[in-house]
Every structure is written in C-alpha cells, then in structure tokens.
Amino acid sequence: MVKDYVKKPKVMAKDVNLYYGDFHALKGITLSMEENTVVALIGPSGCGKSTFLRCFNRMNDLIPSTRITGYVMVDGKDINDRSMNVDELRKNIGMVFQKPNPFPKSIFENVAYGLRVNGVKEAKFIEERVERSLKQSALWEEVKDKLKKSAFELSGGQQQRLCIARALAIEPSVLLMDEPASALDPISTAKIEELIYELKNQYTIIIVTHNMQQAGRVSDKTAFFYMGELIECDDTKTMFTNPKHTRTQNYITGRFG
Amino acid sequence: MDSGKIHRRKQASQNFVFTLFTLMSASIVLVLFVILGFIVIRGLPAISWDFLTKMPEDGMTKGGIYPAIIGTFCLMLGSMIFAFPIGIMSGIYVHEYTKDGILKRFMKAMTNNLAGIPSIVFGLFGMSLFVNDLHFGDSILAGSLTLGLLVLPVVIRTTEESLKAIDNSFRVGSYALGATKLQTIRKVVLPMSLPNIITGLILSIGRISGETAPILFTVAAYFLPKLPHSIFDQVMALPYHLYVISTSGTNIVESRKMAYGTALVLVLIVLILNLLANVLRRYFGKKVKMN
Amino acid sequence: MTTTHSHLDEELQLLKTDTLNMWKLVRQQVEKGKEALIQHDKDLARQVVAVERRVNAYELKIDRDCENIFALFTPVAIDLRFVLAALKINSNLERIGDIAEGIARFVIDIDKQFDPELLKVARIVEMFDMSNAMLLDAAQAYEQEDTRLARTLFKKDEKLDEVNNEASYVITDYIKSHPDNIRESLHILSMIRKLERVGDQTKNIAEEIIFYIEAKVLKHKEPNK
Chain X
1 MVKDYVKKPK VMAKDVNLYY GDFHALKGIT LSMEENTVVA LIGPSGCGKS
51 TFLRCFNRMN DLIPSTRITG YVMVDGKDIN DRSMNVDELR KNIGMVFQKP
101 NPFPKSIFEN VAYGLRVNGV KEAKFIEERV ERSLKQSALW EEVKDKLKKS
151 AFELSGGQQQ RLCIARALAI EPSVLLMDEP ASALDPISTA KIEELIYELK
201 NQYTIIIVTH NMQQAGRVSD KTAFFYMGEL IECDDTKTMF TNPKHTRTQN
251 YITGRFG
Chain H
1001 MDSGKIHRRK QASQNFVFTL FTLMSASIVL VLFVILGFIV IRGLPAISWD
1051 FLTKMPEDGM TKGGIYPAII GTFCLMLGSM IFAFPIGIMS GIYVHEYTKD
1101 GILKRFMKAM TNNLAGIPSI VFGLFGMSLF VNDLHFGDSI LAGSLTLGLL
1151 VLPVVIRTTE ESLKAIDNSF RVGSYALGAT KLQTIRKVVL PMSLPNIITG
1201 LILSIGRISG ETAPILFTVA AYFLPKLPHS IFDQVMALPY HLYVISTSGT
1251 NIVESRKMAY GTALVLVLIV LILNLLANVL RRYFGKKVKM N
Chain B
2001 MTTTHSHLDE ELQLLKTDTL NMWKLVRQQV EKGKEALIQH DKDLARQVVA
2051 VERRVNAYEL KIDRDCENIF ALFTPVAIDL RFVLAALKIN SNLERIGDIA
2101 EGIARFVIDI DKQFDPELLK VARIVEMFDM SNAMLLDAAQ AYEQEDTRLA
2151 RTLFKKDEKL DEVNNEASYV ITDYIKSHPD NIRESLHILS MIRKLERVGD
2201 QTKNIAEEII FYIEAKVLKH KEPNK
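Chains as they are written, first to last, in my numbering: chain X, 1 to 257; chain H, 1001 to 1291; chain B, 2001 to 2225.
Misleading hints may appear alongside valid ones.
[To be verified] Computed cross-link-like contacts, DSS-like style, restricted to lysine-lysine with a CA-CA straight-line distance of at most 30 Å: (1) X:Lys-91 <-> H:Lys-1108; (2) X:Lys-200 <-> B:Lys-2016; (3) H:Lys-1164 <-> X:Lys-91; (4) H:Lys-1099 <-> X:Lys-149; (5) B:Lys-2016 <-> B:Lys-2155; (6) X:Lys-148 <-> H:Lys-1104; (7) B:Lys-2120 <-> B:Lys-2061; (8) H:Lys-1181 <-> H:Lys-1099; (9) X:Lys-99 <-> H:Lys-1099; (10) X:Lys-124 <-> X:Lys-135; (11) H:Lys-1286 <-> X:Lys-146; (12) X:Lys-124 <-> X:Lys-77; (13) H:Lys-1187 <-> X:Lys-146; (14) B:Lys-2061 <-> X:Lys-244; (15) X:Lys-91 <-> H:Lys-1187; (16) H:Lys-1005 <-> X:Lys-27; (17) X:Lys-135 <-> H:Lys-1099; (18) X:Lys-148 <-> H:Lys-1286; (19) H:Lys-1187 <-> X:Lys-148; (20) B:Lys-2159 <-> B:Lys-2219; (21) X:Lys-237 <-> B:Lys-2016; (22) H:Lys-1181 <-> X:Lys-10; (23) H:Lys-1099 <-> X:Lys-124; (24) H:Lys-1257 <-> X:Lys-99; (25) B:Lys-2120 <-> B:Lys-2042; (26) H:Lys-1099 <-> X:Lys-121; (27) B:Lys-2016 <-> X:Lys-191; (28) X:Lys-237 <-> X:Lys-10; (29) X:Lys-77 <-> H:Lys-1181; (30) B:Lys-2120 <-> B:Lys-2024.
Think of the hints as simulated: they come from the structure by calculation, not from any bench.
Turn these sequences into a full structure, and let the hints guide you.
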C-alpha cells in the first residue's frame, strides 16, 4: 500500500465500495495520491479501473442505479457529501476519454467551451487561455492558423490533444485520463505520453491504461486492480521490477489477463 | 455441383432481385409523376395572377382563391406557434430529463397513441372543446389549436429521435467540463440536432396545410366576403375549398378548373416547403459540421 | 520525421553521466596509485582505498538504474544495446577499481621507498602510463561514441601484455642481484600482473563500446579485428 507520511495527499479513496445495481464493482478500495504525481491504474478488462477513475469526478452519477459508499476526497473535501456542488467539482477535475470526443464546433470554440460554460465572458481572456491551453497540449503550432476550422478536420491524435487542451483550459488541478491513447496510432501515443510526462509538474494525473508498457513509461505509481479489488499499489519502479503479489507479477509478465 | 454453377446461380438471383427493386423504385417515381402530371396539366390553365390574388366570384366559377391561401397560411402560423414550442420542449424533456422506467415508457406510448388518432376525431374534439365549451367559436384560434394538437405528437417524436441520434459521448464530455444539463442541451445537443428537428418541423407544416378534417368543424368556411382580421374570425382554407368546389357549390362543372388550380397550389406549397426543409437542413448541417 | 527528446532519452543520458563519473573516480584511483608508488606516499595510497567505497556505490546505483530502465521502458535496438553495454562496463570499471585498490594496498604494506632501479627494469611506470592512457581513451570513446578510438585500445593492450610477459624474467634477474628486496620485488610483480588485468578490463570495455554502437560482437574473436 502507499505510505504517505510526509505529504498530504491530493486525492484519496478510503474503503470505497461501488455497486451497479446488484453488481459489486468496487470492493473496499483504499488508495491515495500525492500532488504532481502520475498514478496509473492497470488491470484486465472489467476489473473496475475505469469505474474507480470516474469516482473522482462523480461521473458514475450519470449511470443509473449506481450506489457508492466510503470516502472519496479531493483537496481535503469529501466529494460525495451532500453539500458538494458537482459542477464545481468537475471544474477542478479535467477528464479525457478513450475515444476523442471534440464538440462539433471550431477548434477555438472547443477549447473555449469550458470557460464559457463557467461564465467567463471577456474575449481577450478567453483568447489567451485558449492559446495557452493549446500550447500546453502541444497542439498550438499545428492549429494556430486554423482555429476557426472544425475540430473534426483534425486527425485522431490531434483531436485527442484538443480534448486535453479543452480539459486544461479551465485550470483543473487533477486530470483523469481513461485510456487516452488506446484509440491512437503509435506516434500519436508517444506524443501523448510525452505530454503527460510534462504536465505532471503542474497537475496530478490519474491514468487508466491497459497497456502496461505505457504505465511503465509514464507513471510514478501504479495500482493493479483485479475483479473490483485493489491488489497492489506501489512505486512503478518496484511494481515492474519486484511486485509483492504473485497475481500482480502474473499480470505484468503477461501470463494472464 | 461445381463452383461455376453455384456462382452463376448466385449471380442470377442477385440480378433478379436487383431488377425487382429497380422496378419498384421506378414505379414509385412513376406514380408520383403521374399524380403530379395530372394535377399540373389540369390545374395549370387555372393559374394566373388573378387566380392567386383575387377573391372568388360568380359562385366560384371565376375569380381567385386568394382568401383560401391567406387562410391556410394563418392556420399554419397558428398551429406552429402552438405546437412547435410545446412539442420541442416536451421532446427535450422526455429524452433528456426523464429517467428510463415506467414513466418514460408511458409518455412515449401516449405520444404514439396520440399520433395514431384519426384526424376527424381531432376535428370533433376541437369542435367540442375549443369551439363550444371554451366558446372560441369557429375561428382561427380553434382551428390552429386543433391542427396543433394533430401535429404535436409528430413534433415530439421528431425532436426525440433527433436528440437520440446525438451520441452520448458529447453530453458526457460536456458534463465533465462542469456544464449543467441545461447548458449541455443548449450549447451542444440542441445545435447538433437542429437540422433534423427543423426538417421534421417543416414536414409537419406541410401536413398541416393539407389536413381537411380537423378544420371542418373548427374554422373553415366556404365563402367569406372579407379577409379575417382577428383570431376569432372564421377563415377559408385550401383543402376545404378544394373539397367544397368539387362536391357542392353552385356550378360543379364550371368550377372544376378552379378545383384543379386549388389542388395545384396546395401541392406547390407542400413541394416548396419540402425544398425549404432540404435547404435549411443543409445550411444548419454545415453550421454544425457533423461527421 | 523529427526525433523527439523523451523521458527515456533523459534516463539514458543520466546513465551515461553516472558511468562517466564512475570512470573518473576509477581513473583517479589508477593515477593516484602510480604517484603513491613513485613518491611512496602512503596517504595518497589510503585515499585510493577510501575512494573504493564511492566506486562501489556507483556500481550498485548503475545496476539498479539499468534494471529500472529495462523494466519501465523496454528499450530496443541501440537503446537496448546501450543499456546492456552499460551494465557490463559498470562491472568492468568496478573491477578496475578493485585492482587499483589492491595496488594501493601493496604500497601501504611496504615501509620504505621502492628501489628506483627495480621500478625501471620492471617498466612499471610505463605500464601505469599505458593503463591510464587506455582508460582515458576508452572514456573518451564512450562519451563521443568513437569506435575508431575504441579500436586503438586492442593494440595498446598488446603492449601491456608484452611488458607483463617480460616481467617474471626481469624481476627474477633483479632478485638475484638484490636479495634484500625480495618482498618489494614480489609486490612489483603482483602490481604488474594487476595492471595487465586493468588493460584486459579496459579492452573488454572497448568491445562493449563497439557492440553498442555498431552491434558487432568482438568478444572471443581472432586478433585481427
């Protein structure tokens, strides 16, 4: 388990159980993450890693008959508390999905969407923020001359970087990424991985990936899920050179799952 | 059986079915052209500037159908004002807000039932409620409300279907950025579904313009010397006018030419509306840039 | 296609830097060893022994870093060869460090100055100089990926072998004429043997450098390389 004596965790889950109707999807998950680290969630299909990811911005609320118990904390606050405003929560937590989903709007408007929706009206501010976000997601050079063009004219890898820029525009402090590169070609994947490595300095990132090598390249800590349980969580270096559980080792070496 | 024979068999049956489909499609087009041709040929002679802008004269054997055209447009406008906002908002509510379950299924079933009610029954209902009980009398108001009710389920269904066609990933992406449901609908979902909704709306207007039964007891008059100046007035309407000229009236044979002219005008209105639907659809489609 | 500077590149660069730092320490050990012998400076010799701890620490660190790079990045092609070479060079350098430490201990063990004549006939200063030169050249070849320079080391090693082969004869003669200095003579002989091994280890390093840059395996091959 992760030991956090010195630093206060940025994001934490304690004894979280989640049910989709009768199905027990997450079984007593306890995990905490420090600020400015990248944590990778790995495990075979259906093990609950995406479900767990979605706990942090309460996107599971959108799925009917979902029930959650336990404590989920972001920035010291219990996010499932009745007093928590979900929209406010989601402004602080950016999410990038497996399949790039830019809005059918221009590139500019896609990135500006989060700002507009949160009441920002000043045109200059929006322009600057859009430019900064596109630079952060390493897309600015490629699109600076065609900001008014439709987002759909971009390639898959570019669209995904656009979605990252869109998430970054509202200045979240936590980024959730659900298999962000699995729908992309190897070169785009490499670009996204480099991006994550750079973004780590400003954001706390949780990434779900079914690609173990990706977890190795990109993350500081790795958490291995299996059938709704958290089997092991440790420094990535340790997980990949000497994991504590046999099951973890079997998964990582490709002997099952 | 060798592969050559099997191949020839497959090819033959494919050709047969393909030919069948082509013939059927051709026959539909043929039928359309026959009907249109019929009406155009017989109706064209009646069309003239006078026909379109003058009041009927001489027991409907001469003059124009101007008041009927005005009347039809009034009714179209009236029923649009009533049915479109309510229909679109209902559609949005049912699809975006109600949770899956008994209530949703019930509402959808009711909408479908409403759509299936015969138009004459709407007419009777309209007469009872709007004309008599609410004392609107035979009026544009009563007629519009009745016609509105007629197309309401169509509008609701069109809206629902258009919203359904929008992939959920767009909504989810919007929520993840902290947008509320309303913001998501206004800024993402609705703009994307607009082309389809508008198409549906325009097509339903086309339908409104041609319905006779609902306006029979609620607004239509055979002959009015003056144009309407309030919503409580009666009005003439093209489909009704067509009916009456062809069946009663003082001189059926003489009026026959006017009847075809009326039919042609009605058909032209519908065709123009369909064309408009296509143009608008393409325009909004470009704006939205769907994949 | 543009090549990008990645996380892996950073790690490989760090690995190279660590290896070169370790190299510097080991070279210092050999140089100081020579000075300690000529000046009979026991303090200098003790410094050589003390540095050994740092050298060992580097060896452990580099081993661990290589393991991590394999686990986290699954490098291929030149990156893979580089890390494999780094592992081997790491243990070669560590052994050279051990050898240098051993030489220094000999100096500490003898209380008086070594006889300059003994040093001259055994040609030990020459051997020191040659070993030093080889280590320096090897480090340069590694840093600048210069396989031509790496290849010159094979000839140099042969020179060392020459001196080594002569050594037992030369020293036997010396002992006959200087029977009081048997112990020193034996120490000198041992030092020569050790320096010859330094040459061997450095030659191995050269082979690894050529392997990682050219993917050529020169180990156990016939002499004309």
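Checked hints:
{"no.": "1", "hint": "X:Lys-91 <-> H:Lys-1108", "verdict": "violated (35 Å)"}
{"no.": "2", "hint": "X:Lys-200 <-> B:Lys-2016", "verdict": "holds (25 Å)"}
{"no.": "3", "hint": "H:Lys-1164 <-> X:Lys-91", "verdict": "holds (27 Å)"}
{"no.": "4", "hint": "H:Lys-1099 <-> X:Lys-149", "verdict": "violated (36 Å)"}
{"no.": "5", "hint": "B:Lys-2016 <-> B:Lys-2155", "verdict": "holds (26 Å)"}
{"no.": "6", "hint": "X:Lys-148 <-> H:Lys-1104", "verdict": "violated (40 Å)"}
{"no.": "7", "hint": "B:Lys-2120 <-> B:Lys-2061", "verdict": "violated (40 Å)"}
{"no.": "8", "hint": "H:Lys-1181 <-> H:Lys-1099", "verdict": "holds (13 Å)"}
{"no.": "9", "hint": "X:Lys-99 <-> H:Lys-1099", "verdict": "holds (26 Å)"}
{"no.": "10", "hint": "X:Lys-124 <-> X:Lys-135", "verdict": "holds (17 Å)"}
{"no.": "11", "hint": "H:Lys-1286 <-> X:Lys-146", "verdict": "holds (17 Å)"}
{"no.": "12", "hint": "X:Lys-124 <-> X:Lys-77", "verdict": "violated (33 Å)"}
{"no.": "13", "hint": "H:Lys-1187 <-> X:Lys-146", "verdict": "holds (22 Å)"}
{"no.": "14", "hint": "B:Lys-2061 <-> X:Lys-244", "verdict": "holds (22 Å)"}
{"no.": "15", "hint": "X:Lys-91 <-> H:Lys-1187", "verdict": "holds (17 Å)"}
{"no.": "16", "hint": "H:Lys-1005 <-> X:Lys-27", "verdict": "violated (62 Å)"}
{"no.": "17", "hint": "X:Lys-135 <-> H:Lys-1099", "verdict": "violated (40 Å)"}
{"no.": "18", "hint": "X:Lys-148 <-> H:Lys-1286", "verdict": "holds (14 Å)"}
{"no.": "19", "hint": "H:Lys-1187 <-> X:Lys-148", "verdict": "holds (17 Å)"}
{"no.": "20", "hint": "B:Lys-2159 <-> B:Lys-2219", "verdict": "holds (19 Å)"}
{"no.": "21", "hint": "X:Lys-237 <-> B:Lys-2016", "verdict": "holds (20 Å)"}
{"no.": "22", "hint": "H:Lys-1181 <-> X:Lys-10", "verdict": "holds (28 Å)"}
{"no.": "23", "hint": "H:Lys-1099 <-> X:Lys-124", "verdict": "violated (41 Å)"}
{"no.": "24", "hint": "H:Lys-1257 <-> X:Lys-99", "verdict": "violated (62 Å)"}
{"no.": "25", "hint": "B:Lys-2120 <-> B:Lys-2042", "verdict": "holds (21 Å)"}
{"no.": "26", "hint": "H:Lys-1099 <-> X:Lys-121", "verdict": "violated (33 Å)"}
{"no.": "27", "hint": "B:Lys-2016 <-> X:Lys-191", "verdict": "holds (25 Å)"}
{"no.": "28", "hint": "X:Lys-237 <-> X:Lys-10", "verdict": "holds (21 Å)"}
{"no.": "29", "hint": "X:Lys-77 <-> H:Lys-1181", "verdict": "holds (24 Å)"}
{"no.": "30", "hint": "B:Lys-2120 <-> B:Lys-2024", "verdict": "holds (28 Å)"}
The structure is inconsistent with the numbered hints 1, 4, 6, 7, 12, 16, 17, 23, 24 and 26, although it conforms to all the rest.
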